[in-house]
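Chains V and Y are the protein sequences, given in the same order. For reference, each letter of the first sequence is one residue, going 1 to 338 in this note's numbering. For reference, each letter of the second sequence is one residue, going 1 to 505 in this note's numbering.
One or more of the hints may lead you astray.
Unchecked claim - Cut-off 27 angstroms, straight-line C-alpha distance, at most; resulting in silico cross-link-like pairs (DSS-like, lysine-lysine): (1) K144/V - K288/V; (2) K147/V - K64/V; (3) K241/V - K353/Y; (4) K255/V - K302/V; (5) K18/Y - K64/V; (6) K353/Y - K302/V.
Honestly, the hints are just simulated from the structure, not real lab data.
The primary structure of each chain is shown beneath.
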Amino acid sequence: MKQSIALKFKHVCMLTIAASAGALTCAAAAADWQPTKPVEIIVAAGAGGASDQMARMMQAAIQKNNLMKQPVVVTLKAGASGGEALLHMKSSAGDPNKVLIAYSLIYMLPLSAKIPFDWRDLTPVSVIALDQFVLWDNTTLPYKNVKEFVAAAKAANPPFKMGGTGSKREDHVLTAFMEKKTGAKFAYLPYKSGGEAATQLVGNHTAANVNNPSENIEVWRAGQVRALCVFDKERISYKAKVTDTQSWNDIPTCKEEGLDLQYLMLRAMFLPGKVTAEQTAFYVDLFKKVTQTAEYKDYMEKQALKPIFLTGADMLKFLESDEALNKSLMTEAGFVAN
Amino acid sequence: MEAFGLLLHGFQVLLTFKILSLMLVGLLLGIFVGVLPGLGGPNGVAILLPLTFTMDPTSAIVMLSCIYWGALFGGAITSILFNIPGEAWSVATTFDGYPMAQQGRAAEALTAAFTSSFIGSLVAVLMITFLAPGIASFALRFGPPEFFAVYLLTFCSFVGLGREDKHKTLISMTLGLLIAGIGMDTVSGQLRMTFGFEELFRGINFLVAVIGLFGISEILLTMEERLALRGHAAKINLRVVWSVWKDLPKYWATLLRSSAIGCWLGITPGGAIAASFMGYNLAKRFSDDKESFGKGRIEGVFAPETAAHASGTAALLPMLALGIPGSGTAAILLGGLMVWGLNPGPLLFVEHKDFVWGLIASMYLGNVVGLVIVLSTVPIFAAVLRVPFAAVAPMIIVSCAVGAYAIQNAMFDIWLMLAFGVVGYVFKKIDIPLAPFTLALVLGNRAEDAFRLSMIGAEGDMRVFWSNGLVGSITTLALILLFWSLIAAGIKKMQGARNGLKHSG
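Sequences and hints are given; from them, build the entire structure.
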């Protein structure tokens with residue numbers, strides 16, 4: 001099984017190399033196969049979440065720029081914290097009219113909830129973005145930077161409430177590692193969505209959260225939450241003002257603030273298993289084109305996503321190391337079900 | 001009066017031939033998808049969403065919201081005619097709407113449903129127009145304990161105010177809670193009661209259960225008792241509309257109460273579903289003739305429909321201001337707005353005035369136009385009951401199956417629907433009420449999550465449910481309602497004792 005996927009990958013890889021070498025070969029390869037039915041983008045999250053927004057952006061980008069003859073449909077499969085979408089993709093082997101918009105749940109859900117899934121069962125197409133995590137607190141709280149926040153959290157009794165999406169997932173892992181690095185204790189409250197975590201923070205029901213930029217941007221712009229630091233090696237590159245006084249670039253990294261923690265989340269496209277190389281090549285080409293549209297660029301800047309485009313062997317390498325990282329974090333935090 | 005000026009501007013934007021015709025198309029499409037059980041609301045709007053991609057933003061949003069209004073109106077039709085609720089909040093409409101249809105008063109019930117939908121929406125839109133900014137901040141006061149208190153209130157009002165035997169209500173509710181626990185548990189991140197069976201990972205979908213419990217079980221009962229749809233001799237003409245409207249003022253208290261409940265629960269994020277149940281229960285509580293509820297009383301249609309639509313409309317406010325959709329349909333609508341770069345949030349009202357007021361103006365227009373359309377279709381829909389059972393029954397079952405399948409594109413859900421049909425049949429035979437079961441199924445998960453989050457936050461201290469005025473008063477009210485029959489009996493006894501004293505003295 002593994003071998004056959006590896007083989008397939010060599011093939012796709014050659015196609016992409018050919019594509020970058022000469023546009024002619026690429027066009028010829030891509031024209032070999034076209035979807036014959038409407039293409040479904042499967043979202044492993046609820047309506048209005050970051051994945052849903054991204055899928056709808058792609059739907060609009062593809063349709064407005066005529067990148068494909070067939071229409072695009074967005075299907076939400078949020079059951080079992082997104083596990084429903086993973087199992088649906090797994091059981092759709094051989095169906096080239098379904099693409100999953102995936103994020104780190106592809107590594108975490110099989111570990112924490114023992115969902116029988118391995119991303120190697122699917123066909124990786126491309127990594128299209130990396131999402132950031134930011135530490136936010138409510139503007140009415142007196143803690144203006146990470147140091148003050150951590151000091152207060154350490155002294156707090158009962159402990160500070162930290163809101164997040166889901167249990168034993170990205171936000172929970174980050175919280176566990178903040179506890180480890182700072183020695184403070186947090187009461188982690190798992191909500192159903194990032195939007196809910198955002199409003200609960202604004203309503204002062206939690207002291208902080210580690211939402212993605214897209215989940216908190218509106219309340220940040222309204223001056224209701226404060227961005228303390230971003231969990232990345234470098235600052236976010238976008239320098240246009242988002243709030244009255246700050247741009248994404250003005251948020252310091254957590255390391256600058258003395259909290260040495262980095263975590264990024266992939267946003268990647270997958271086809272079901274057992275699709276042909278021509279079919280994969282078509283989608284690699286399609287999403288390459290999507291990343292060049294104005295809609296995509298606009299969206300990336302608005303949601304403060306890190307642009308990236310990986311495919312073929314590069315993507316495979318990225319997935320392997322990203323999975324290893326997530327697995328070690330989950331194991332260390334004690335979130336792996338046995 | 002700033003709001004008024006902005007609203008007038010909104011009307012100005014809308015009153016063009018193009019927009020009005022789009023409105024009409026949107027409403028008709030919405031009613032059409034609303035009528036198909038299961039396919040209704042959310043799926044219908046999702047299917048029609050891409051239609052709007054090629055339009056300009058204002059037209060797109062007007063069309064989308066009109067599809068939404070249409071689906072809201074349409075949902076009542078199947079509840080009344082076939083006992084199949086299309087959306088969670090249509091469940092309570094079946095309690096009296098369906099018996100009315102069986103008695104040959106389908107046209108009356110439909111008119112009542114549409115009229116009260118209109119009134120509920122209108123009250124809510126008026127509230128949105130004049131109170132929008134203040135209400136958004138009220139919704140922010142709801143943390144886990146407050147949410148739990150609201151759910152507790154809904155559950156308690158059912159047990160305390162229900163007409164059925166208390167123990168049967170409890171049995172039904174507990175079974176519902178148990179089934180609601182199947183699937184992923186948000187708080188622990190673990191799967192529960194799935195027994196390694198992949199189809200159960202996503203949990204039991206509420207609509208699948210409801211289609212089976214109400215629709216399929218009804219078909220089973222009908223097959224057993226008589227091979228005909230009751231109420232086929234319905235009198236069908238538009239004069240029914242006037243006769244229902246003439247009686248409207250008599251029910252002003254019910255309409256007002258339900259509107260208020262709907263507005264209040266609608267702006268509580270996610271509370272819209274509870275509204276129709278509470279509206280119904282309270283109408284029953286305050287009625288002089290409690291026994292006639294559930295047997296085809298027109299007030300039993302007015303109360304839940306007004307509350308449901310007041311809350312359905314009011315639910316758009318937290319959606320726009322906080323980004324939390326109040327229902328499945330609203331969630332898809334939310335996705336549609338985002339395509340247009342209109343991100344819901346506190347600044348939407350400041351930065352996109354044109355859009356917000358255009359949308360609010362379209363709520364007024366959409367509701368008025370919608371009411372006219374649905375009322376004129378009453379005779380057509382009521383006439384469906386004249387079709388022989390042998391012809392209608394297979395169509396109902398097929399549309400139930402399509403609906404159950406379409407919710408999650410899963411064949412398993414069709415089997416589940418049939419199983420729930422049998423459960424519903426048995427429940428009806430042994431007189432266990434279905435409503436508490438469905439209520440527990442739809443709110444069970446949220447109530448549990450809210451309770452456990454409260455406990456994590458308060459380190460297990462139950463006093464958190466009395467920690468501030470808001471949560472404390474809701475919790476206390478819930479407990480009073482739970483023990484209402486005991487309290488009422490106590491009051492009566494005391495009055496009796498006092499009277500007795502007077503007599504003896």
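Okay, the hints, checked on the actual structure:
Distance check on the hinted pair: K144/V and K288/V sit about 41 angstroms apart at the alpha-carbon level, beyond 27 angstroms; violated. Our distance criterion of 27 angstroms between C-alpha atoms is broken by K147/V and K64/V, whose separation comes to about 47 angstroms. For a cut-off of 27 angstroms, the pair hint linking K241/V to K353/Y stands: about 22 angstroms separates their Cα positions. In summary, the hint linking K255/V to K302/V is supported, as the alpha carbons are separated by about 24 angstroms, within the 27 angstroms threshold.
Proximity of K18/Y to K64/V is assessed by CA-CA distance (about 22 angstroms); at most 27 angstroms being required, the pair is judged to hold. Using a Cα cut-off of 27 angstroms, the hinted pair K353/Y and K302/V holds, with the two alpha carbons roughly 20 angstroms apart.
The earlier numbered hints that this structure contradicts are 1, 2.
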